[in-house]
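J.: Line by line, the protein sequences are chains A and B. If you read the first sequence in my numbering, its first letter stands for residue 1, the second for the next number, and so on. If you read the second sequence in my numbering, its first letter stands for residue 1001, the second for the next number, and so on.
Treat the hints with care, as some may be off.
[To be verified] Below are the DSBU-like pairs computed for lysine-lysine, each with C-alpha atoms no more than 30 Å apart in a straight line:
| no. | chain 1 | residue 1 | chain 2 | residue 2 |
| --- | --- | --- | --- | --- |
| 1 | A | Lys235 | A | Lys177 |
| 2 | A | Lys6 | B | Lys1112 |
| 3 | A | Lys246 | A | Lys177 |
| 4 | A | Lys177 | B | Lys1135 |
| 5 | B | Lys1135 | B | Lys1101 |
| 6 | A | Lys222 | A | Lys235 |
| 7 | A | Lys246 | A | Lys235 |
| 8 | A | Lys197 | A | Lys143 |
| 9 | B | Lys1132 | A | Lys197 |
| 10 | B | Lys1112 | B | Lys1072 |
| 11 | A | Lys189 | A | Lys177 |
| 12 | A | Lys177 | A | Lys144 |
| 13 | A | Lys176 | A | Lys189 |
| 14 | B | Lys1050 | B | Lys1072 |
| 15 | A | Lys29 | A | Lys278 |
| 16 | A | Lys177 | A | Lys197 |
| 17 | B | Lys1135 | A | Lys197 |
| 18 | A | Lys246 | A | Lys278 |
| 19 | A | Lys249 | A | Lys176 |
| 20 | A | Lys144 | A | Lys176 |
| 21 | A | Lys189 | B | Lys1101 |
| 22 | B | Lys1101 | A | Lys6 |
| 23 | B | Lys1132 | A | Lys189 |
| 24 | A | Lys189 | B | Lys1112 |
| 25 | B | Lys1095 | A | Lys189 |
| 26 | B | Lys1101 | A | Lys197 |
| 27 | A | Lys222 | A | Lys246 |
| 28 | A | Lys222 | A | Lys177 |
| 29 | A | Lys235 | B | Lys1112 |
| 30 | A | Lys79 | B | Lys1095 |
| 31 | A | Lys278 | A | Lys222 |
| 32 | B | Lys1112 | A | Lys197 |
| 33 | A | Lys189 | B | Lys1093 |
| 34 | B | Lys1112 | B | Lys1132 |
| 35 | A | Lys143 | A | Lys246 |
| 36 | B | Lys1112 | A | Lys222 |
| 37 | A | Lys176 | A | Lys79 |
| 38 | B | Lys1101 | B | Lys1132 |
| 39 | B | Lys1095 | B | Lys1072 |
Just so you know, the hints here were simulated from the structure itself, not pulled from any lab data. Since the model is a prediction, treat every value here as computed from it, not as a measurement.
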Amino acid sequence: MSFRGKDVLSILDFTRNDLERLFRIASSKFEGDELEGKVVALAFFEPSTRTRLSFETATLRLGGGYIGFDAVQGTSIAKGETFSDTIRMLDAYADVIVVRHSLEGAAKLAAELAEAPVINAGDGSKRHPTQAMIDLYTVWREKKGIDNLVYGVLGDLRYGRASGSFLRALNLYSPKKVYLIAPESLRPKEELLDTLKMPWEFADLEEVLPELDVLYVTRIQKERFPDPAEYERVKGSYRIDAALLKNAKEDMIILHPLPRVDEIALDVDSTPHARYFKQAAYGVPIRMALLREVVP
Amino acid sequence: MSEELVVRRISNGTVIDHIPAGRALKVLRILGITGEEGYMVSMVMNVYSKKLGRKDIVKVEGRELSSEEVNKIALVAPTATINIVRDYEVVEKRKVELPDKIEGIVRCVNPKCVTNAPREAVHPSFRVISRKPLKLVCEYCGEYLTEEEVIAQLAGT
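In isolation and in its complexed conformation, chain B is listed as follows (with noise of 0.2 Å):
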């Protein structure tokens, strides 16, 4: 079946392709997209793909994400492409980017960790140290931070 049937294309907006079969509710989760914004928002799970298998797609009617946003969600989806649709064109097109430092979308692990103590002016902050698979390091702590330890920490509400 092809995509087309399950979602219908969008007028304006972005579309998040190839994301990794069942990472699509990550994807929103990282990019804050809760529903409530008001925006058309659809989605499709575990759809054929002749580069991935399976894949997942996201649709965002009416909002153009930008690079800095959609970047952060190479941490769940490194091959995902981002398509800018204007009148049902897709007028740009890119591959995700994972940045070299992530902050506060994922929190550090070790619990005697400064940026886990409540109420202090501080946000976890770690460096990219290797991108297959994934690997962060704390900022503060130094302590790693591992691709399924992320996927987890995504996965829960």
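If we strip away everything but chain A, and leave its shape as in the complex, we get (with noise of 0.2 Å):
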């Protein structure tokens, strides 16, 4: 299926073969001139580093150029215009509108308001399919295939839209198992277990670590606890040092959407089993093998 005009709002408007087609683009070093004379617009209503940052170097790799702003101060939304109207003035200045938002399905809004193709650059708790895309990319490197692994995803998995993206995106494949790790209240809500096709179960790190392929970790806030004693209770359980990882297989992979707080300890970056920054230099070449194949 081809890509050119369309919109890019959830993980799941893929297929396997599309996305396998997307790691071949990525991982070819393709270098091209693809964008000239093309804009970008990069709408980001809610701060970001990592994504914008490489979703303009993709452009820029690319020979695009880019238009946009990375908050909502200094754009005419902080005098009140809407986000519709936003997207309405963009649409007509650019050729794709990547969008990052709080609120969700803004992305969907934005697709069905512009003629532009929309990428969703995240928004809200749930989608960030580009993320979803590197992760897998990710996986599909370091590891020579996403089918038959055992994954096991820690950290908030309520709120956090990397980890649901990231579990969708599973759903694409066949792993062997996945295992969610999260305090009680942070485990997903039912929208997303009742999706999952693949088997899961609910499990503690130290069970399961040795038993797993891929350690796909997430940022556990403090802010999500209603209690602070609940939070200085449980953290310690999901947080990865180099002690823990002797208990580890020795081609576990870990990969974390970044940015990390405290939840990955500074020692496992020397350990081969680190992989959250070749995870995030990857975003650029899947951002441009995507930008190359959706930008009109």
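Take each chain as given, in its own frame, and dock them per the hints.
T.: Written as structure tokens, this is what we have:
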């Protein structure tokens, strides 16, 4: 299927074949001028570092230009302009619109309003399809395939959009098993659990660690706990350090969408398990491949 | 007591029968009938029914409701039957059928859903994923809306 002119709203808009085509393009070390004379609008209504910078880099590497903002200050939204009107304006200026917003479904609304294709760069707490592409791509590259592996997904699985998108994305593949490792109050909502097609169960990190091929770690935010004492009590069970990893398979890899705070100790960075910086670096080739395929 | 003694027959219009007891007002609300339209509207609540035990009935004189309008009431009255009356005769009888998509009647319960943002160019839209019990999913944010939540919203003013 061609993605030319198509919106990228959810990872489930893609098939396994679509993704693998993207992965092959991304890994071919391509360079090009496919975006020459094109304008990419980066509409970041919510702050972002990696996602915005990697979209900017991808645009520049393909010879394109970009416009946009990365906070609502300094735009007419601060004067009360609606999201809908801002999108209509960007639609008149740009060839593709990349949207990041705190409201859920904002990217779908943008896609309904704009003629230009819309790429969801994270809206609300559920969807972040380009992050999911990068995550899958990292597994594909580092483990030479995505099927038949045992995954542990750890952290805030309720409000974290990266973990949710990653879990949905795994539905396109056949993992051997997925362990969900989260405090009870941060377990995924039934809306997400109902969609999971692979064998999964809730688990304790130390118990399942020796089985894992891939450990996907996300941040647990203190603010998510109504009682700070509860956070202090559980946080140790969701922290990875080099000592703990002695029980892991030698070739187990650790991913993290970043930013990390203290859920992965610095001494993990130098172990062969750490792949999160590589994962962040893969953001550029994947977004280059995606822009090349989508921009009309 | 027979309902005929409570509310008289209508000559032309629509009779919505077999509404679950106590839900007639919600049915009127979904249909957007406020009483200010000028039609003669009559309603009985909690009358005896062989099928349901107790039921409500709504009669709208002088207006034939289309299937599209009436199907929306399946949200609160899945058992309802629609009778189109002309010259005191029932000329058409049908059951309500819940559409696959519900637009603009109920709102999403997720405060962070874009459909709840003020002044944006968007209306709530849901896909029906289960009919019994009723379960809707928001087309924008993916949040579920349960039967209890639908009823509670439609009971509000």
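J.: For each hint, tell me whether it holds in the structure or not.
T.: Checked hints:
1. Restraint check for Lys235 (chain A) and Lys177 (chain A): satisfied, since their Cα atoms lie roughly 25 Å apart, inside the 30 Å limit.
2. For the hint linking Lys6 (chain A) to Lys1112 (chain B), the alpha-carbon distance of about 26 Å falls within 30 Å, and the restraint holds.
3. A hinted pair counts as satisfied when its Cα atoms are at most 30 Å apart, and Lys246 (chain A) with Lys177 (chain A) qualifies at roughly 22 Å.
4. Restraint check for Lys177 (chain A) and Lys1135 (chain B): the C-alpha separation of about 29 Å stays at or below 30 Å, so the hint holds.
5. Proximity of Lys1135 (chain B) to Lys1101 (chain B) is assessed by CA-CA distance (about 12 Å); at most 30 Å being required, the pair is judged to hold.
6. Between Lys222 (chain A) and Lys235 (chain A) the CA atoms are separated by roughly 9 Å; this keeps the pair inside 30 Å, and the hint holds.
7. Our distance criterion of 30 Å between C-alpha atoms is met by Lys246 (chain A) and Lys235 (chain A), whose separation comes to about 20 Å.
8. Restraint check: the Cα-Cα separation between Lys197 (chain A) and Lys143 (chain A) comes to about 21 Å, which is no more than 30 Å; the hinted pair holds.
9. A C-alpha spacing of about 23 Å is found between Lys1132 (chain B) and Lys197 (chain A), which places the hinted pair at or below 30 Å, so the restraint holds.
10. Taking the CA atoms of Lys1112 (chain B) and Lys1072 (chain B), the gap is about 26 Å. The hint holds against a cut of 30 Å.
11. Between Lys189 (chain A) and Lys177 (chain A), the direct Cα distance comes to roughly 19 Å. Compliance with the 30 Å bound is thereby established for this hinted pair.
12. At most 30 Å may separate the alpha-carbon atoms for a hinted pair to count; Lys177 (chain A) and Lys144 (chain A) meet this at roughly 17 Å.
13. The straight-line distance between the Cα atoms of Lys176 (chain A) and Lys189 (chain A) is roughly 22 Å, inside the 30 Å bound, and the hint therefore holds.
14. The straight-line distance between the Cα atoms of Lys1050 (chain B) and Lys1072 (chain B) is roughly 25 Å, inside the 30 Å bound, and the hint therefore holds.
15. As the CA atoms of Lys29 (chain A) and Lys278 (chain A) are separated by approximately 15 Å, the hinted pair is consistent with the 30 Å bound.
16. For the given pair, Lys177 (chain A) sits about 10 Å from Lys197 (chain A) by alpha-carbon distance, which is consistent with the 30 Å threshold.
17. For the hint linking Lys1135 (chain B) to Lys197 (chain A), the alpha-carbon distance of about 20 Å falls within 30 Å, and the restraint holds.
18. About 22 Å separates the Cα atoms of Lys246 (chain A) and Lys278 (chain A), which keeps this hinted pair within 30 Å; it holds.
19. Proximity of Lys249 (chain A) to Lys176 (chain A) is assessed by CA-CA distance (about 16 Å); at most 30 Å being required, the pair is judged to hold.
20. For the proposed pair Lys144 (chain A) and Lys176 (chain A), the alpha carbon gap of about 15 Å is at most 30 Å, so the pair holds.
21. Taken as a hint, the Lys189 (chain A) and Lys1101 (chain B) pair is honoured in the structure, with Cα atoms around 23 Å apart against an allowance of 30 Å.
22. Annotation: proposed proximity of Lys1101 (chain B) to Lys6 (chain A) holds, straight-line Cα distance about 23 Å (limit 30 Å).
23. Pair hint Lys1132 (chain B) plus Lys189 (chain A) holds up; C-alpha atoms about 21 Å apart against a cutoff of 30 Å.
24. Annotation: proposed proximity of Lys189 (chain A) to Lys1112 (chain B) holds, straight-line Cα distance about 15 Å (limit 30 Å).
25. Among the hinted pairs, Lys1095 (chain B) with Lys189 (chain A) is inconsistent with the structure: their alpha-carbon atoms are about 35 Å apart, more than 30 Å.
26. In summary, the hint linking Lys1101 (chain B) to Lys197 (chain A) is supported, as the alpha carbons are separated by about 24 Å, within the 30 Å threshold.
27. Note on Lys222 (chain A) and Lys246 (chain A): the hinted pairing holds, with a Cα-Cα distance of about 28 Å set against a maximum of 30 Å.
28. A hinted pair counts as satisfied when its Cα atoms are at most 30 Å apart, and Lys222 (chain A) with Lys177 (chain A) qualifies at roughly 29 Å.
29. A hinted pair counts as satisfied when its Cα atoms are at most 30 Å apart, and Lys235 (chain A) with Lys1112 (chain B) qualifies at roughly 27 Å.
30. Between the alpha carbons of Lys79 (chain A) and Lys1095 (chain B) the distance comes to roughly 51 Å, so the proposed pair goes past 30 Å and is violated.
31. For the hint linking Lys278 (chain A) to Lys222 (chain A), the alpha-carbon distance of about 27 Å falls within 30 Å, and the restraint holds.
32. Annotation: proposed proximity of Lys1112 (chain B) to Lys197 (chain A) holds, straight-line Cα distance about 27 Å (limit 30 Å).
33. A C-alpha spacing of about 42 Å is found between Lys189 (chain A) and Lys1093 (chain B), which places the hinted pair above 30 Å, so the restraint is violated.
34. Taken as a hint, the Lys1112 (chain B) and Lys1132 (chain B) pair is honoured in the structure, with Cα atoms around 27 Å apart against an allowance of 30 Å.
35. The straight-line distance between the Cα atoms of Lys143 (chain A) and Lys246 (chain A) is roughly 20 Å, inside the 30 Å bound, and the hint therefore holds.
36. A hinted pair counts as satisfied when its Cα atoms are at most 30 Å apart, and Lys1112 (chain B) with Lys222 (chain A) qualifies at roughly 20 Å.
37. Pair hint Lys176 (chain A) plus Lys79 (chain A) does not hold up; C-alpha atoms about 51 Å apart against a cutoff of 30 Å.
38. Annotation: proposed proximity of Lys1101 (chain B) to Lys1132 (chain B) holds, straight-line Cα distance about 15 Å (limit 30 Å).
39. Of the supplied pair hints, the one linking Lys1095 (chain B) and Lys1072 (chain B) holds, its CA atoms being roughly 12 Å apart against a limit of 30 Å.
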